[in-house]
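Asker: Given chain A's structure and the hints, the job is docking chain B onto it.
Number of protein chains: 2
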Amino acid sequence: MSNDGPLFIDEYVKLHPVDLADRLERLSPGERAELLTNLPLETAAAALAEVYDDQFEELTEGLSTDRLVELVGELEHDDAADILGEFREERREELLEALPNEVSDPIEELLRHPEDTAGGIMNDRFITLSRTDTVKECLAHLREQKDRSRVDITYLYVIDEERRLVGIVPLRELVFSKPDGHIEEIMVRQVQFLRVDDDQEEVARRFDDYRYMALPVLDRSGKLVGVIDANDAFEVAQEEATEDMQLMVGLSGEERFSTPWKTSLRRRLPWLFVNLATAFLAAIVVGFFEETIAKWTALAVFLPIVAGQGGNAGMQTLTVIIRDMALGDLEPGDGKRALFKETLLGLLHGIAIGMVVGLIGWAWKGSPELGLIAGAAMLLNLLAAALSGVLIPFGLKALKIDPALASSIILTTVTDVAGFFFFLSLGAWAIKNMN
Amino acid sequence: MSNDGPLFIDEYVKLHPVDLADRLERLSPGERAELLTNLPLETAAAALAEVYDDQFEELTEGLSTDRLVELVGELEHDDAADILGEFREERREELLEALPNEVSDPIEELLRHPEDTAGGIMNDRFITLSRTDTVKECLAHLREQKDRSRVDITYLYVIDEERRLVGIVPLRELVFSKPDGHIEEIMVRQVQFLRVDDDQEEVARRFDDYRYMALPVLDRSGKLVGVIDANDAFEVAQEEATEDMQLMVGLSGEERFSTPWKTSLRRRLPWLFVNLATAFLAAIVVGFFEETIAKWTALAVFLPIVAGQGGNAGMQTLTVIIRDMALGDLEPGDGKRALFKETLLGLLHGIAIGMVVGLIGWAWKGSPELGLIAGAAMLLNLLAAALSGVLIPFGLKALKIDPALASSIILTTVTDVAGFFFFLSLGAWAIKNMN
Chain A
1 MSNDGPLFID EYVKLHPVDL ADRLERLSPG ERAELLTNLP LETAAAALAE
51 VYDDQFEELT EGLSTDRLVE LVGELEHDDA ADILGEFREE RREELLEALP
101 NEVSDPIEEL LRHPEDTAGG IMNDRFITLS RTDTVKECLA HLREQKDRSR
151 VDITYLYVID EERRLVGIVP LRELVFSKPD GHIEEIMVRQ VQFLRVDDDQ
201 EEVARRFDDY RYMALPVLDR SGKLVGVIDA NDAFEVAQEE ATEDMQLMVG
251 LSGEERFSTP WKTSLRRRLP WLFVNLATAF LAAIVVGFFE ETIAKWTALA
301 VFLPIVAGQG GNAGMQTLTV IIRDMALGDL EPGDGKRALF KETLLGLLHG
351 IAIGMVVGLI GWAWKGSPEL GLIAGAAMLL NLLAAALSGV LIPFGLKALK
401 IDPALASSII LTTVTDVAGF FFFLSLGAWA IKNMN
Chain B
1 MSNDGPLFID EYVKLHPVDL ADRLERLSPG ERAELLTNLP LETAAAALAE
51 VYDDQFEELT EGLSTDRLVE LVGELEHDDA ADILGEFREE RREELLEALP
101 NEVSDPIEEL LRHPEDTAGG IMNDRFITLS RTDTVKECLA HLREQKDRSR
151 VDITYLYVID EERRLVGIVP LRELVFSKPD GHIEEIMVRQ VQFLRVDDDQ
201 EEVARRFDDY RYMALPVLDR SGKLVGVIDA NDAFEVAQEE ATEDMQLMVG
251 LSGEERFSTP WKTSLRRRLP WLFVNLATAF LAAIVVGFFE ETIAKWTALA
301 VFLPIVAGQG GNAGMQTLTV IIRDMALGDL EPGDGKRALF KETLLGLLHG
351 IAIGMVVGLI GWAWKGSPEL GLIAGAAMLL NLLAAALSGV LIPFGLKALK
401 IDPALASSII LTTVTDVAGF FFFLSLGAWA IKNMN
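Chains as they are written, first to last, in my numbering: chain A, 1 to 435; chain B, 1 to 435.
Simulated from the structure, these hints should not be mistaken for lab results.
Worth double-checking, as some hints may not be accurate.
Unchecked claim - One side only, chain A facing chain B, incomplete, derived with CB under 8 Å:
| id | residue |
| --- | --- |
| 1 | Asp152 |
| 2 | Tyr210 |
| 3 | Ala294 |
The beta carbon of each residue, even a glycine, is placed where N, CA and C say it ideally should be.
Isolated chain A, as found in the complex:
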């Protein structure tokens, strides 16, 4: 945008909610509170639905509780639940109590589910039909609730007397079927569905595998409790990918450029200390060999090469494995195949890189022994890198920990420790045997 300054109210109203949300974030707290109070309720709520859930509270600071309640009440139930889920418990209860029951009940229902499960992702904007109704009755029913509900409907859901899902009917099918036919006759019976407690990774995977525009969500007894649209799944997939990328390197999984620096500091620093502890492991290995290095300082020059290559090659393996696990392309049973492939690659990479490093070591320092040692250590370390690139995520997964968690920190510890150990112990052995 060329003009980022404040606008008149009627100019803000004309903006698309996404752009208005963008503007809101750039205003001062005072300006923002004033604007959110004076904008038409619908406009303000539409914009706030577009901000990140955990920024809502900050962006509505300074608003009266009455106005805040009005705004939350205007949101879609699933958006309201996501946002209220980020509030402190007392504040959340306070706002829910101030809302009329017909609004707070469905929000509280959605809030019961953890945010990273199908139940936490689903929305309650779906339309149900009864299997025994006729097509004509259903169309009349749909027409009646027109104003209350969404326009972007693709499927309708057929339930029995206990609200159990028994089939789906594409809207198109409904429109073009004989008016006196029964829903039972036109519904699709074999329906893919999600369980309310399915993990969000499973949700993303299901939309990846099956190209539906929406999937129904059932509770344990088979009752239809919500729907996840392809665009909900889209957001989930984006969050999952962000989380995996971040967890690998020691970030919280939810950090963004716009995260306040204090929050970033509080979340990143602990991981840096974890990394520090692991770095000391590598340092201790080097410490064992201080005498060796004192006798042959050229070894110190090759330390970063052996360790660095191991780290990079290990990250290649790790990244492929973690991503394929997240996408559901790599199952626990594939561990052996993955290990075989990556070990083979590690061996071949090791031979190629090891030979080049060996030759350079020889040429640079004029010592064939140094070349031989560096090359051999490189080969061994690239094998260690390949093994740990596979074993770390599979191991974390077996421990029921997110396979991405701090995996690059663990990996570089292994490749540093292994690289230093192989290289320096070969060096120590050579010194002993050369003299």
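Answerer: What follows is chain B alone, placed relative to chain A:
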């Protein structure tokens, strides 16, 4: 699946296409060719639509050209285009020529667009209306083409005489409007759309920002040429995330666990050699200080700590920046704010980590000077890490290169070189001044 062995044809037919595709991948080439020849055409094509585009050719090896043409002809046009896009040119031309024109023409039309643009992603399964038609006429028109077209329709697209998009009509709206009303009266005029040459990153971003179930794609003259559904966008977002994660560490962006090892080797090894070249830069820095290390070997012990911490902290910054750029949350104009925040964090991390490292250095080696030097080098390197974590992706972007490309390789080079340089030159200076 508990039983992975071959099944009888009629058992394969009962599988969901996704599961059948999974089975296909696990069969031997001979078994696979036989199965794909004997399965009903529709079943075989549905399964092949589910495999990765670049695996299609391998999986159909050994099939007669006639059968292959039949299979391709049975696919959705956009799937066929994606798959044929992976074939060698002559083979692609051969298959296209063998197809009837009414199938090959739309596929060739879709093939004209690069696969990573809106044109390469869009499908041609959309239904158009004329603004001057009545609701009744449109419904009759829709009913007629019922068999030929998809059931998961959410929106219909209104075009003028030149096929330019003038509005959209949700199917639901059409169904419940007065039969003798005109489309013009019920259509939504302010429509979000994509351009045929928009990059796939822009496509993902638009679905992220605006929660539509589908977006129309227009050519330069405003003509409607395709539609991207939320589930197409879902796949794109997954691919984009995979690509970014992989490019960062020196992978092709398209590698999977199932990629043949020869392909993996060919794609990974060049990046390992790039990393080797950059590792030598770091080694050269250490080489400058060989004498320093010979005099004070304890320095060698702290090298991996200073460099390793810089690498990890830099990766934290880099990962946040690259992901936020991909999601469209960080624009080129935000560079200064990002640099300020990350520098501040680098400073604070540097003070915290630097103090701890300094104290440990003092305690472990009994040398307050070593502690001071290690601490100071740590502070400087964490600042360098923060700066390069921001400047590398912004720099690559300014050069019109993907900001993720090899960014972790570049970053660790900077943090290794800077870390070694700061630490060892402080060490050299201390030796000179202590004696």
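Asker: So, for every hint listed, does it hold in this structure?
Answerer: We went through each hint and held it up to the structure:
1. Hint status for Asp152/A: holds, given a least beta-carbon distance of 5 Å to chain B, under 8 Å.
2. Interface hint status for Tyr210/A: upheld, as the beta-carbon distance to the closest one in chain B is roughly 6 Å, under 8 Å.
3. The closest approach between the C-beta of Ala294/A and any C-beta of chain B is roughly 5 Å, which is under the 8 Å cut-off, so the hint is satisfied.
Violated hints are absent here; each numbered hint is respected by the structure.
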